[in-house]
Amino acid sequence: MFDFSIVSQWIHGLLTSVMPEWAAVLIECVLVALVIITLYAVFAIALIYFERKVCAFFQCRIGPNRVGKWGLLQVFADVFKMLTKEIINMRNSDRFLHNLAPFLVIVASMLTFSCLPWNKGAHILDFNVGVFFLLAASSIGVVGILLAGWSSNNKYSLIGAMRSGAQIISYELSIGMTMLTMIALTGTMQLSEIVQQQADYGWNICRGHIPAIIAFLVYLIAGNAECNRGPFDLPESESELTAGYHTEYSGMHFGFYYLAEYLNLFITAGIATAIFLGGWAPIYFPGLDGFNDVMAYIPGIVWFVGKTVVVVFLLMWMRWTFPRLRIDQILSLEWKYLVPISMLNLVLMALVVAFGVHF
Amino acid sequence: MNEEKTYLGGLLGGLKTLCVGLKTTMREFVTPKITEQYPENRDELKMFDRFRGSLVMPHNENNEHRCVACGLCQMACPNGTINVKSEMYETEDGKKKKRLVSYEYNLGSCMFCQLCVRACPHGAITFDQSFENAVFDRSKLIKKLNREDSKVIEKK
Amino acid sequence: METPENNKVNAPAGAAPAAGARPAAVRPAAPAAPAQPAKNLCEPKTVEPAALRKEMERLRRDEQMDFLECLTGMDWGEEGGLGVIYHLESTATGKRVALKTATTDREHPYLPTVSDLWDIANIYEREVYDFYGIIFTGHPDMRRIFMREDWVGFPFRKDSNPEKDNPLRMTNEPLTDLAPCYTLEADGTVRRSETPIFGEDDYVVNLGPQHPSTHGVLHFRIKLEGETIKKVDPILGYIHRGVEKLNESLTYPQTLALTDRLDYLGAMQNRHALCMCIEQAMGVEVSERVQYIRTIMDELQRIDSHILFFSCLCQDLGATTAFLYGFRDREKILDIFEETCGGRLILNYNTIGGVMADIHPNFVKRVKEFIPYMRHNIQEYFDVFINNVIFRNRAEGVGVLSKEQVISFGCTGGTGRASGWHNDVRKRMPYAMYGKVDFKEITRTEGDSFARCMIRMDEILESLNIIEQLIDNIPEGPFQEKMKPIIKVPEGTYYSAVEGSRGEFGVLLESRGDKFPYRLHYRSTGLPLVAVMDTACSGNMIADLITIGGTVDYVVPDIDR
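Line by line, the protein sequences give chains S, Z and P.
Per this note's numbering, the very first residue in the first sequence carries number 1; after that it's consecutive.
Per this note's numbering, the very first residue in the second sequence carries number 1; after that it's consecutive.
Per this note's numbering, the very first residue in the third sequence carries number 1; after that it's consecutive.
Bound-form chain S, shown alone (with noise of 0.2 Å):
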């Protein structure tokens, strides 16, 4: 397996021969976040055009297939339509506020993105307490759709905003503890770890057999709602609240939010790769050797990104199929189902583990 930090030493060996180390590293910095941003606009413009085209399968249409070949640009005519829309200010809102909430959403998702470990020795954040980073910083989110709820003076935005806190919280709880429970498993919090030890012994989702399996439907289930999507999309309900917390936001500050969904979909679903479906190890099956050797020669980021597409079908999939929920349903299903499923998970994990009865 081709290890991407061969690339990344080389290039600060050639910036540290000509530069001191301290502006090497500035100048890594700058490139590092350039790459984020690039790679956060792709993704997000091709999560758009794939859901679109996903969407209207499951709904017997074509989808966007005017602008470019197969409406391959229709994305792209979106965004610069977006961008060339006035940025509205509510009379009575709270101005900064209003302003300041959907970069908040934005910051969060961009951080909780730099932890996907895209291939080996391919991450950006990465230390030994990464899981619980990533779990810090993608709360921020909710702050942001608190405050564009509080500050945009509507009834509508406020009560999605609170549907939203409420909602996030809660089912942090079962993401915790799903995570947890392949910590658990794995016994390391760090991201690279995790996905280096599946790559020598197997994905997590093969090793954890049932407890890491009902863990990953929790962690779907529970991811899906993070997002705010569909089947939990009450935040935003279009037929009950019109828009939820973003009704007042227009041009690009509508648009972060647009973008900070699917890439929050894009999150969900990677880390569930990381986590669950070995990252960007390959496939492995022991015994089949040059099928092995095949699947090896595979680079890992096309390993990691494949599996997070498949996974994002899957989100996909239960979005366009269920319909909403309600509040207190939702929050039934947390604290009934999800919470007492993963904490007995956790237990049965803690055994599997104590007794090694795992792969």
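Treat the hints as calculated values from the structure; they're not laboratory data.
Be aware that one or more of the hints could be misleading.
[Unchecked claim] Only part of the chain S face toward chain Z is listed, based on derived beta-carbon distances under 8 Å:
1. F57
2. F58
3. C60
4. W320
5. Y337
Don't be surprised by glycine CBs; every beta carbon is placed ideally from N, CA and C.
Take the given structure of chain S and dock chains Z and P to it, following the hints.
Below, chains Z and P alone, put in the same frame as chain S:
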């Protein structure tokens, strides 16, 4: 959850219905789509022959129509969509007759109730199947249905 | 001011013109009325305003007239006065009664309210007040309902000139927060009092007029406590077009064109009702072929409407995919319609004495293809949405309406039948072919949103059964009876009803023998459904309002006629 259902039974039953839903949508996902691509299929797109696109006055190859300017259609119209202008003239044998000068039809206020077509005793007007009626200016919606220098078909 | 027997229509030859003369017995309206001259002629019994309350209470209590079918405001001119026609029915005995009352005081027309006897009278009387200016003493909320609050005059009065006093206003519509109430004091004077609709500290959210799930331009003011709804105040009239007033200056064939634009999902049935009303009044018998065609078309329209009901419910509840499944199947019906009628939504098919054109040669084939197609595809609706645990939890036990409530609110159609009220006009007063085909009236007893949804699904299947029985046996015959060029309806007051897609659609026609109707009132199917929203929603959550609004299935152009 229903009271009579147990915790686990309710959960599994619910999951089952969700899976049925997922199965259904997946089946649709792979079903060929029936969407018609409109501007591309212009050639083969044919409206049903009873479709009411806009009012027309058919003319024959001699530039003749059947309208005798009796004004019944104008009276039948609930919206004042039709405006028939006629003039009196004297035929060679000295009889006074009425003939059509212009037949104005306002597509913008027509509600396609077909009363004018039914009222016409001579079958002079009918609805055609054109549906691309959008224009940029409202004044273009007012159409003159009789062609230039057209005459009424003389009874033999 | 008592003005009984003021209408010459209702003063049969030889009847005593003396004031206060009362017919001895209550004359039931159609269909039990004597066949001459027309079988839908309803001769309302005249009651003086002073005696109205007592008579109404007697009918409500002693004769169990628990269903106020229709309440129509009337202007019988200077001498006849302003008045109201009431249509009552007993759900227990099926007996029907029509009454009328009037006052000649045009400056201060006061009539006693019946809104405490029938819940639906509340909104009907507001409508009458809005259009005729009749003030119902004792009514708790005498606000305008369709017109703007700052409207001057009462547009449906025969002597009003609305355009003179009401220039196009460029200001926003003011909304009052006070509900005026007029009470009749013991000394005969009327005292006006005002009660606030919402309290000072109430958290009021406006749902609409522009809102994704109000199914049109409908406006609810909702008082919330957290997410719980405490009160719903519907504000109507954003798309009111005054169809009933327009009709008074249109010839009978011209009035038909407007019926398709009331409840656009019941265009066939609406037009059927009006055509039937006029035909019966004129004593025209349409051919059996026309009856078959109309019945089949009505049922196709019902399926169309119920599919759209399902689709919109899915959309409201966030299941966008199922929404498009419904539209996919509805397309088939629309194609069938378009081929025969030439229109998809505005069908323009029924005429007085027949139908616009004979059925298309492909019609039978297409319909027969559609029946198995729909039976197969409806399973998909159940799989993807109705049996889904999320929808079940959102709909079961939500917005429960008891049988008494739906009757009192006059919620006919699927909403009433979901609560166990057998109100199907096709069974109550069979018309067209409904007396001869074999079909079940679908009812349920739960009265919740889920029952309302299931009623519609079962009715789709039942409608398919009806069509299946008829489609092979359409007899030969003319598709249009020969009518005179100018259609005049004999003098009289007529009422006909059909089972529309969402309840009883009634037509009340008062003719003075002209080629124009003197008054043409439609019993809207949607108005009771909106009126019941407050009762159905209170105590539920915002999300439930969407579910309830979706399942009671109102269509706004039908409310705002």
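Hints that the structure is at odds with (numbers, increasing): Result: no hint breaks.
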